[in-house]
Amino acid sequence: MIMPPEAQPNVNLPNENDALMGQIYGRCAENAPNFGVTVDCFKTSLQRTLRKYLTASAAADADALEIKQFIEQIQADDLFLALACASGSERAWWEFDQQHRSYLERVARHLAKTELDAQEVIDTVYVELYGTRVVDGERVSKFATYSGRGSLRGWLRTVIWHSVVDLHRAGHDDVSLDEITENVGEGTAHAGFAIPAPGGENDMIGHITRERYRRATLSAIESAFSSLEDHEKLLLLFYHVENMKLREIAKMVENDASALRAWFQRRSRTHDSNQPGRIHESTVMRWLEKCYARILELFRSELQTKYGLTNDEIEICMELATQDLAGNSIFRNLTAT
Amino acid sequence: MKNKDQTGSQQVKIKDLIDRYLKVHPPGGIPEQARGFHLDDDSLAAFAEGNLSERETRPIVSHLVDCSFCRHITAELVRLDHAFSENDAINPLIENREPSKVSEVLSGLLSRIFGTSDNAVFAHDEKNEDKDTEEVKDKE
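Here the protein sequences come in this chain order: A and B.
Sequential numbering of the first sequence, starting at 1, is according to the working numbering.
Sequential numbering of the second sequence, starting at 1, is according to the working numbering.
It is worth saying that the hints were derived from the structure and are not from the lab.
Take these hints with a grain of salt, some might be off.
As the list claims (entries may be wrong) - Residues from chain B that face chain A, not an exhaustive set, calculated with beta carbons under 7 Å:
1) I14
2) D42
3) A45
4) L80
Predicted model only: the values in this text are computed from it and were never measured.
Backbone N, C-alpha and C fix where the C-beta goes; we use that ideal spot for every residue, glycine too.
Using the sequences and the hints, build the whole thing.
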């Protein structure tokens with residue numbers, strides 16, 4: 001079930017923000033006078049977006065300035081077009097089709113396995129966007145869920161993605177949603193853990209020692225990772241699990257207003273990486289290296305304090321882990337030490 | 001110097017270790033049914049574009065750490081955006097196709113999907129707008 005994060009029921013808007021909404025509406029209506037969107041419909045949509053994003057899970061109430069900035073950042077023309085399409089304006093649909101149809105087709109072809117699937121996805125998305133379900137006498141258009149917080153094209157990409165997943169899922173009833181998503185798009189290749197099979201060696205003491213080091217290593221790496229902040233964890237997960245390239249991560253944070261970027265830059269002591277503008281791959285690499293350094297520090301600290309291991313033993317743990325990863329036997333190495 | 005080399009070597013090892021650990025034990029591990037909800041299209045798209053403030057981003061990042069489904073979609077959306085922006089830079093999109101009348105497109109789609117011509121769905125009165133549309137087409 002796809003649901004938005006928890007939203008609080010009300011947000012109090014000062015009058016000046018109501019006026020700001022009116023101004024933005026005025027600009028949009030001037031650009032597209034025949035879309036038929038009313039000022040009430042536009043303001044209601046903005047208020048719903050405010051409730052959803054600005055007051056959801058917030059530690060403190062948003063102040064007037066924050067609300068003002070939020071309203072100013074709304075992709076107003078995209079929202080205006082979406083609202084008009086949701087209400088069934090033929091002129092708006094014509095505009096939408098002209099502006100976005102070929103983009104939708106390209107995305108669908110990129111994601112779907114066959115041309116036939118791509119066409120089916122496009123058809124389904126159009127029907128969903130228009131809306132065939134009627135609730136309380138009103139047609140429910142998918143466009144009504146677009147908030148204007150991101151671009152309309154970004155939102156459309158996501159709608160297509162879900163449609164591709166649904167199409168794939170229709171043919172694989174017994175497969176979970178998680179598994180399906182891993183098979184759509186470039187996907188991820190989850191490798192198995194290279195724990196060496198018991199080699200039939202009889203060195204019981206060596207075996208117990210190795211297992212102790214192995215357990216300590218696993219526990220320490222788990223603990224180190226969970227001590228990171230969420231944005232650091234996410235960066236590592238994007239890079240190592242989702243196999244995102246540095247330039248793709250850089251693309252994700254290229255927006256000067258990106259919160260992820262702000263969090264990493266706040267930690268950075270170098271002047272150049274705090275500059276606005278494009279983020280280079282080398283900057284993302286530096287962020288990753290800082291995460292590795294923190295994990296290493298936490299990992300060592302955990303092994304020392306919780307397991308009472310010496311520096312030499314920590315070296316053995318790391319050596320063991322490295323050899324485990326390479327799929328080689330760790331036994332020889334331990335015997336040698 | 002020796003200490004620096006050692007730290008560098010340890011960092012390489014920890015990188016390999018974390019790589020393996022995350023691939024085998026990605027965090028969360030909460031079953032799909034128990035997780036309760038996934039992020040909606042609107043939140044995912046806005047996050048992938050980096051449009052959200054810190055206040056808005058915090059719960060989303062927290063969710064993405066635990067939810068492989070939403071995380072995977074986010075990664076794919078960023079990939080798509082990146083791939084398409086590179087493509088567009090090389091081959092700018094040429095939009096020279098005349099869009100068809102949307103009611104006709106949708107009626108056709110519904111006929112194919114449901115096996116009937118569902119014109120009644122598009123029975124809203126938009127004659128004036130239709131007229132405008134035709135005029136625009138004529139001008140073009």
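Are there hints from earlier that the structure breaks, and if so, what are their numbers? Violated hints: none; all satisfied.
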